[in-house]
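Asks: Chain by chain, the residues run as shown.
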Amino acid sequence: NAGVMQNPRHLVRRRGQEARLRCSPMKGHSHVYWYRQLPEEGLKFMVYLQKENIIDESGMPKERFSAEFPKEGPSILRIQQVVRGDSAAYFCASSPTGDSPLHFGNGTRLTVT
Amino acid sequence: QQQVKQSPQSLIVQKGGISIINCAYENTAFDYFPWYQQFPGKGPALLIAIRPDVSEKKEGRFTISFNKSAKQFSLHIMDSQPGDSATYFCAASMTNTGNQFYFGTGTSLTVIP
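Those protein sequences? They're chains A and G, same order as listed.
Residue numbering for the first sequence follows the working numbering, beginning at 34 and increasing consecutively.
Residue numbering for the second sequence follows the working numbering, beginning at 241 and increasing consecutively.
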């Protein structure tokens, strides 16, 4: 009974490159959320998706960031032309319905050099 | 604007003591208040949660106290153990409007043997 799976666990990118973060939700969960965590800070909401739909992207920067959750396959958080300020831990969470607790993955730690 | 304010930022407690972490919110539309526990290198894990129709919920050594009129809720860890040393996050959500969770900034708890 696998939990939320995120990969890679660690990702190093040079400034200007693209970062792709993947998240496979728990079995039976069709709601996916992406959060960003900086050291000594809480979790900042980025985007909420259901299968093939973006429900709320109010926390995601308008430029360079995008997210998808296709009918088949994992959810992807994509960051284009990364900058040093994008360095953070990115957590994915899933839930079976829109009013259920969130189950988090172990995160992807992005370092931009 | 921080939707959920959490204090203290860090807490040191002797083994066997009581750890108390406090959170406050402004939006009266919030109707679900979970607490998450996070160990280094891991994702947050749901610890205990409460809805505003009750004033207290207890699960083992963990208790949530909820004060609806004051818009405050707190986590009490009784008989604190070194294994409880972790970062704790409170959160709040409106389950009927997209289930976006707002997190506090976290409390780093250290339990001294």
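It is possible that some hints are incorrect.
[What the hints assert, rightly or not] Just the calculated beta-carbon pair ranges, DEER-fashion:
1) A:117 / G:309: 27 to 37 Å
2) G:280 / A:60: 38 to 48 Å
3) A:134 / G:267: 36 to 46 Å
4) A:96 / G:318: 46 to 56 Å
5) G:260 / A:77: 44 to 54 Å
6) G:318 / A:133: 42 to 52 Å
7) A:85 / G:319: 41 to 51 Å
8) G:256 / A:48: 26 to 36 Å
9) A:96 / G:299: 41 to 51 Å
10) G:298 / A:99: 22 to 32 Å
11) A:38 / G:260: 48 to 58 Å
Derived from the structure by calculation, the hints contain no laboratory data.
Just so it is clear, CB atoms sit at the ideal spot from N, CA and C, and this is done for glycine as well.
Asks: Indicate, hint by hint, whether the structure satisfies it.
Replies: Status of the hints after comparison with the structure:
Checked against the hint of 27 to 37 Å, the C-beta distance between residue 117 of chain A and residue 309 of chain G comes to roughly 45 Å, which is inconsistent with it. Between residue 280 of chain G and residue 60 of chain A the beta carbon distance is about 27 Å. The supplied range of 38 to 48 Å is therefore violated. For the pair residue 134 of chain A and residue 267 of chain G, the supplied restraint of 36 to 46 Å is violated, since their beta-carbon distance comes to about 19 Å. Taking 46 to 56 Å as the suggested C-beta distance range, the pair residue 96 of chain A and residue 318 of chain G conforms, at roughly 48 Å.
The hinted window of 44 to 54 Å between residue 260 of chain G and residue 77 of chain A is violated, with their beta carbons roughly 25 Å apart. Range check, residue 318 of chain G to residue 133 of chain A: about 28 Å between beta-carbon atoms, so the 42 to 52 Å window is missed. For the hinted restraint 41 to 51 Å between residue 85 of chain A and residue 319 of chain G, the CB-CB distance of approximately 48 Å keeps it satisfied. For residue 256 of chain G and residue 48 of chain A, the hinted distance range of 26 to 36 Å is not satisfied, since their beta carbons lie about 50 Å from each other.
Between residue 96 of chain A and residue 299 of chain G, the C-beta spacing of about 43 Å keeps the proposed range 41 to 51 Å intact. Range check, residue 298 of chain G to residue 99 of chain A: about 43 Å between beta-carbon atoms, so the 22 to 32 Å window is missed. Here the CB-CB span from residue 38 of chain A to residue 260 of chain G is close to 35 Å, at odds with the stated 48 to 58 Å.
Against the hints set out earlier in the document, violations occur for numbers 1, 2, 3, 5, 6, 8, 10, 11.
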